[in-house]
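Full structure from sequences and hints, please.
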Amino acid sequence: MVLPFVWTLYRRLRVRPGFKGMATAVGAIYASYVFTVAEEVMMPDVLNAAQHACYAVAGLAAAYAVITMWRDYIPAQKSSGR
Amino acid sequence: MTEKLPQIFDLIGLLGFGVAIIGLIAAKPSGHQGSLFTRPVKWTFVFAWLIYAFICAGDILEAVLGEGSTDAFEGPVEMLFPIVILMGVFTAYSAQQYSDLRFSQMALNSSQTLMLQVLDQAPAGIVLIDLNGAILFANDCAKEVLELIENNDGFFSAPWMSGHDIKQVLMPVLADTSGQDIVLVFDWPGQRRLDLKVASQPMTGGDGREGGAIVTFVRP
Chain A
1 MVLPFVWTLY
11 RRLRVRPGFK
21 GMATAVGAIY
31 ASYVFTVAEE
41 VMMPDVLNAA
51 QHACYAVAGL
61 AAAYAVITMW
71 RDYIPAQKSS
81 GR
Chain B
1 MTEKLPQIFD
11 LIGLLGFGVA
21 IIGLIAAKPS
31 GHQGSLFTRP
41 VKWTFVFAWL
51 IYAFICAGDI
61 LEAVLGEGST
71 DAFEGPVEML
81 FPIVILMGVF
91 TAYSAQQYSD
101 LRFSQMALNS
111 SQTLMLQVLD
121 QAPAGIVLID
131 LNGAILFAND
141 CAKEVLELIE
151 NNDGFFSAPW
161 MSGHDIKQVL
171 MPVLADTSGQ
181 DIVLVFDWPG
191 QRRLDLKVAS
201 QPMTGGDGRE
211 GGAIVTFVRP
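Protein sequence lines, in the order shown, are assigned to chains A and B. Note that this note's numbering numbers the first sequence so that position 8 is 8, with each residue one more than the last. Note that this note's numbering numbers the second sequence so that position 74 is 74, with each residue one more than the last.
Check the hints yourself; a few may be wrong.
Here are the computed lysine-lysine pairs in the DSS-like style, where the Cα-Cα straight-line distance is at most 27 Å [stated by the list, open to error]:
(1) Lys-20(A) - Lys-28(B)
(2) Lys-28(B) - Lys-42(B)
(3) Lys-143(B) - Lys-197(B)
(4) Lys-197(B) - Lys-20(A)
Label pairs and their computed distance ranges (CB to CB) [claimed, not checked]:
(5) Val-46(A) - Gln-105(B): 49 to 59 Å
(6) Val-37(A) - Arg-39(B): 30 to 40 Å
(7) Thr-113(B) - Ala-23(A): 37 to 47 Å
(8) Leu-65(B) - Glu-40(A): 17 to 27 Å
(9) Arg-39(B) - Ala-31(A): 21 to 31 Å
(10) Leu-65(B) - Val-46(A): 22 to 32 Å
(11) Tyr-30(A) - Val-118(B): 29 to 39 Å
(12) Thr-113(B) - Thr-36(A): 57 to 67 Å
(13) Lys-20(A) - Leu-136(B): 46 to 56 Å
(14) Ala-31(A) - Pro-76(B): 12 to 22 Å
Please keep in mind that the hints were generated in silico from the structure rather than gathered at the bench. Quick reminder that beta carbons are idealized off the backbone N, C-alpha and C, glycines included.
Structure follows, in structure tokens:
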């Protein structure tokens with residue numbers, strides 16, 4: 001459901017500060033869903049660790065996205081006198 | 001160590017989501033033209049990261065306390081995430097559409113203002129008349145020469161012409177297709193007289209249909 005909107009916005013979003021981080025974070029969380037389901041079927045310990053590793057990746061990517069956004073927006077806000 | 005690996009990952013995740021949440025709360029929506037980072041987008045993403053901060057914190061608590069105190073909520077809360085992300089992306093999409101519309105409107109207004117300034121500076125009188133004979137537009141020169149007054153409804157009227165239909169007055173000009181200038185002589189009340197060299201051409205709308213006439217005039 002999200003993909004059509006992301007596709008429509010992609011050209012504008014990809015140049016936005018923090019887009020890569022946000023996309024990685026959301027992607028990692030969707031990957032964690034896959035591991036959550038897969039751990040019921042096979043290799044529960046490994047896939048459980050992979051699921052939680054995805055949370056770590058998502059958290060770091062989200063933090064990176066916000067930091068990147070801040071680095072870009074603060075000079076822009078200063079230059080526009082906000 | 002392998003057993004503690006998920007908790008270590010959860011802790012890293014919690015710290016990351018914490019930084020992201022604090023950073024987003026502290027950030028002001030830029031308000032820049034074309035910005036997708038609007039207030040609704042900001043709070044949607046704060047909510048999305050809060051969901052996963054809660055899940056990471058719940059898993060850590062579960063490992064420390066040895067009981068699944070947040071297990072009952074984790075499933076439904078986790079299911080909220082795709083919905084919240086969908087809302088966030090859709091909000092950004094709407095912000096983009098609105099921003100594009102606002103840009104177009106501003107460009108149109110700016111272009112219209114510039115065009116009106118150019119028309120007002122013209123030494124000739126320029127008047128737009130619709131099919132019913134109502135004056136839709138008059139530039140400064142036309143207002144001055146014809147002594148036009150702008151009504152509350154946005155149309156113009158000439159008090160000296162009361163009792164006369166401007167369409168009838170301008171009929172010789174509107175009917176002329178030769179492209180030649182026509183001299184019209186207006187007899188005003190008080191034995192005043194106004195001679196004008198007038199030319200006109202049909203005014204067509206965006207759909208190609210005729211919608212009145214553009215009349216230009218100068219004093220001969």
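Going through the hints against the structure:
1. Lys-20(A) - Lys-28(B): holds, 20 Å
2. Lys-28(B) - Lys-42(B): Distance of about 9 Å is within 27 Å: holds.
3. Lys-143(B) - Lys-197(B): Judged against 27 Å, a Cα distance of about 16 Å means the pair holds.
4. Lys-197(B) - Lys-20(A): violated, 67 Å
5. Val-46(A) - Gln-105(B): 49 to 59 Å: holds, 56 Å
6. Val-37(A) - Arg-39(B): 30 to 40 Å: Roughly 35 Å apart at Cβ, these two residues keep to the hinted range, so it holds.
7. Thr-113(B) - Ala-23(A): 37 to 47 Å: holds, 41 Å
8. Leu-65(B) - Glu-40(A): 17 to 27 Å: Because 24 Å falls inside the window, the suggested range holds.
9. Arg-39(B) - Ala-31(A): 21 to 31 Å: Hint holds: Cβ distance 30 Å, inside 21 to 31 Å.
10. Leu-65(B) - Val-46(A): 22 to 32 Å: Holds, at about 25 Å.
11. Tyr-30(A) - Val-118(B): 29 to 39 Å: At roughly 56 Å between Cβ atoms, Val-118(B) and Tyr-30(A) fall outside 29 to 39 Å, so the hint is violated.
12. Thr-113(B) - Thr-36(A): 57 to 67 Å: Holds, since Thr-113(B) and Thr-36(A) (Cβ atoms, about 58 Å apart) stay within the stated range.
13. Lys-20(A) - Leu-136(B): 46 to 56 Å: Taking Cβ atoms as reference, Lys-20(A) and Leu-136(B) lie about 53 Å apart, which means the hint holds.
14. Ala-31(A) - Pro-76(B): 12 to 22 Å: holds, 21 Å
Checked against the numbered hints given earlier, the structure breaks hints 4 and 11 and satisfies all the rest.
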